[in-house]
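2 protein chains.
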Amino acid sequence: MNKKEDFTVTPWEVTGEVDYGKLVEKFGTQLVSDEQLKHIEKKAGKLDFMLSRKIFFSQRDLAPWLDACEKGKKVALYTGRGPSGSTHIGHLVPWMMTKYLQDAFGCNLYFQLTDDEKFLFKEGLSLEDTHSLALENALDLIALGFDAKKTKVMIDTDCVKQMYPLALEVAKRLTYSTAKAVFGFNDQTNVGSIFFTTMQSTPAFIPSMEERKKTGKKDASVQVLIPCAIDQDPHFRVTRDIAGKIGFPKPSLLHCKFLPSLKGSSKMSASDASSSIYTTDSPEEAEKKVMRAFTGGRATIEEQRKLGGNPDVCSVCNYLKFFFEPDDKKLEERLAAYRNGDILDGENKAYLAEKVKAFLKEHQRKRELARKQLDKFLYSE
Amino acid sequence: MNKKEDFTVTPWEVTGEVDYGKLVEKFGTQLVSDEQLKHIEKKAGKLDFMLSRKIFFSQRDLAPWLDACEKGKKVALYTGRGPSGSTHIGHLVPWMMTKYLQDAFGCNLYFQLTDDEKFLFKEGLSLEDTHSLALENALDLIALGFDAKKTKVMIDTDCVKQMYPLALEVAKRLTYSTAKAVFGFNDQTNVGSIFFTTMQSTPAFIPSMEERKKTGKKDASVQVLIPCAIDQDPHFRVTRDIAGKIGFPKPSLLHCKFLPSLKGSSKMSASDASSSIYTTDSPEEAEKKVMRAFTGGRATIEEQRKLGGNPDVCSVCNYLKFFFEPDDKKLEERLAAYRNGDILDGENKAYLAEKVKAFLKEHQRKRELARKQLDKFLYSE
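Going down the list, the sequences are from chains A and B. For the first sequence, the residue numbers in numbering that gives the first Met the number 0 are 0 to 380. For the second sequence, the residue numbers in numbering that gives the first Met the number 0 are 0 to 380.
Hints listed in this document are in silico derivations from the structure and should not be mistaken for laboratory results. Given the structure is predicted, the values throughout are model-derived calculations rather than measurements. Treat each hint with caution, since some may be false.
Where chains are identical, the list cannot tell them apart; a pair therefore holds if satisfied intra-copy or between any two copies.
Stated by the list, open to error - Each computed PhoX-like pair below joins lysine-lysine, with the alpha-carbon atoms no more than 25 Å apart:
1) Lys121 / Lys244
2) Lys213 / Lys249
3) Lys287 / Lys213
4) Lys160 / Lys121
5) Lys375 / Lys70
6) Lys149 / Lys70
7) Lys160 / Lys328
8) Lys149 / Lys371
9) Lys160 / Lys365
10) Lys121 / Lys217
11) Lys329 / Lys149
12) Lys244 / Lys356
13) Lys148 / Lys305
14) Lys287 / Lys73
15) Lys121 / Lys179
16) Lys160 / Lys212
17) Lys179 / Lys328
18) Lys53 / Lys217
19) Lys213 / Lys160
20) Lys262 / Lys53
21) Lys160 / Lys375
22) Lys212 / Lys305
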């Protein structure tokens with residue numbers, strides 16, 4: 000195995016330097032096409048920078064979802080989070096895209112918080128822990144400005160009565176052999192972890208179930224689009240394989256890359272708090288993390304002025320690209336200046352730090368206001 | 000493997016001629032002791048024939064449950080049924096014992112109907128099917144005269160919000176390796192079936208959970224006794240192994256033998272309707288089944304008068320012993336007369352048929368009345 004191939008991506012582990020080209024090939028997904036981008040741009044008025052910069056780069060069946068939107072059919076969005084700790088900026092990437100799509104296409108969002116998953120997969124977490132983390136994580140979603148009337152937050156242990164019958168339909172059709180092949184389970188895996196993916200399937204079907212209940216039409220269906228980081232794709236391969244067999248449309252997928260770690264590797268590490276900026280970090284803490292971040296700089300200032308920096312491996316540049324500099328022109332200029340040595344790490348870090356502090360201050364204010372709104376977002380039948 | 004050992008007992012399959020002595024050894028259970036029988040007799044006033052005849056013959060930790068009763072501690076009963084079809088007489092055996100114990104010890108019964116299990120394990124059944132079968136099966140329980148104030152019927156898909164968090168606690172501590180060894184799963188088993196035993200564990204813990212909620216004492220516990228057919232023991236071995244690790248007492252068990260098939264083998268077959276008498280059979284149908292039953296008779300009447308019959312292998316005698324002749328003296332006399340040739344099959348069948356018809360007539364009357372009571376029995380938080 001050469002170095003380029005030396006990476007692993009599963010819903011529970013991302014290691015090595017991810018080659019997204021190879022990953023698309025391995026997972027069998029498609030790149031987002033220019034035509035699809037144009038379709039979205041036309042509808043939204045403006046193409047979100049996460050799409051134009053190819054942060055959201057891969058898809059499955061995005062076309063049928065866009066087509067359903069075009070034809071005025073019922074559509075929905077579904078994304079979520081495994082509540083294993085505080086929310087970090089990397090988690091916000093798919094949520095921001097989801098917000099953009101909800102605003103553009105005006106559809107409902109089902110937001111799943113898998114407190115069961117994180118309890119089952121993480122040694123040190125109790126169900127009480129993951130449930131209260133789920134409520135905390137929901138505050139971050141609400142703080143982004145989602146519309147309570149169109150957003151249903153589903154915490155698995157709270158919504159299990161709605162989810163379990165659908166999970167059983169999936170579970171009956173999923174052999175251990177397939178689950179093992181898709182997720183890499185072994186004999187020591189606990190039986191809850193083996194079952195869990197069936198719960199993650201269910202929000203892909205709940206919009207159709209609700210529509211059937213509402214209209215009395217047994218074959219009513221809602222086309223669901225799932226914006227998510229690409230490590231979640233294995234879950235939805237299973238979902239898509241089984242959807243047709245249980246009378247639902249296959250959900251569409253829109254995949255993003257991972258926000259790289261502040262330490263320079265492919266994905267933030269939940270076990271190393273300094274590798275990511277959490278929405279609950281104080282602006283001062285966050286600033287310190289930025290100032291200590293891995294960059295694309297050279298050994299000396301002199302060298303960097305002469306040879307330039309490498310923005311591709313620079314976590315400061317990547318933070319600007321993924322989240323903190325939505326202005327394409329400003330970003331381009333900055334990255335070019337970094338590449339040719341006109342901007343050095345100190346200034347670049349200071350620029351990002353200001354953006355981060357401003358974002359956190361505002362987000363944390365909205366996040367506190369969200370506590371009072373929480374009840375309006377929680378799913379009830 | 001010699002013929003005596005050539006049998007299989009799992010929760011989903013009983014084949015061959017079951018040697019109960021060997022089964023106790025294989026499962027590692029204990030026989031019910033004379034001391035335990037005396038304890039129950041003293042409390043109940045009279046020893047139920049299912050105990051004196053050793054139909055209930057095996058146990059795990061029966062002593063701590065009796066001890067808890069003696070000391071006035073909180074105790075409960077838990078039994079159930081997998082709703083894969085109509086209830087037959089074999090199912091009523093543990094329910095009758097449970098009724099006797101509830102009357103004697105005055106405790107709550109948690110009655111689980113595993114509609115999820117039967118959906119997962121049976122190819123042709125939908126969740127709607129198993130849920131409506133669960134409601135039908137509950138009528139048979141109610142018809143036996145259980146007290147609504149002390150009896151909580153839990154249908155898994157209806158009670159999953161209460162059960163799922165407890166099932167997750169079990170699931171986190173149960174590896175696939177153990178589940179495979181206990182239940183004989185393989186790579187083709189569906190992931191729902193692998194997970195299911197954790198749901199069957201939960202009614203063993205729910206009484207303690209309720210007590211904790213009621214009293215506010217985090218370590219409050221209720222000792223639970225599970226009367227059941229011995230094929231359910233593997234589930235509760237898992238439950239017992241994990242109970243201590245999640246802060247609950249190990250449930251006690253009281254096992255019964257299987258009501259033999261009317262065709263003569265160890266256990267009734269759900270796939271052959273003539274091998275069992277269903278509570279919904281018309282008295283005439285039931286009579287026909289009895290008249291065609293496998294007996295311990297001889298080739299000719301003459302031979303039988305001379306050599307006598309074999310009541311041990313006779314399904315008619317077994318039906319009397321397990322259910323339809325509660326009077327020990329009458330049973331003994333009849334079996335002795337059958338053994339020495341004084342009673343022939345025709346008379347024996349006619350005797351049983353009368354008992355069966357009378358039982359069904361009365362049971363079916365009560366069963367219809369139960370429809371109106373059903374709501375009072377269904378578990379709600």
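Hint numbers the structure violates, sorted upward?
As far as the earlier hints go, 3, 5, 7, 9, 11, 12, 13, 14, 17, 18, 22 are violated by this structure, in ascending order.
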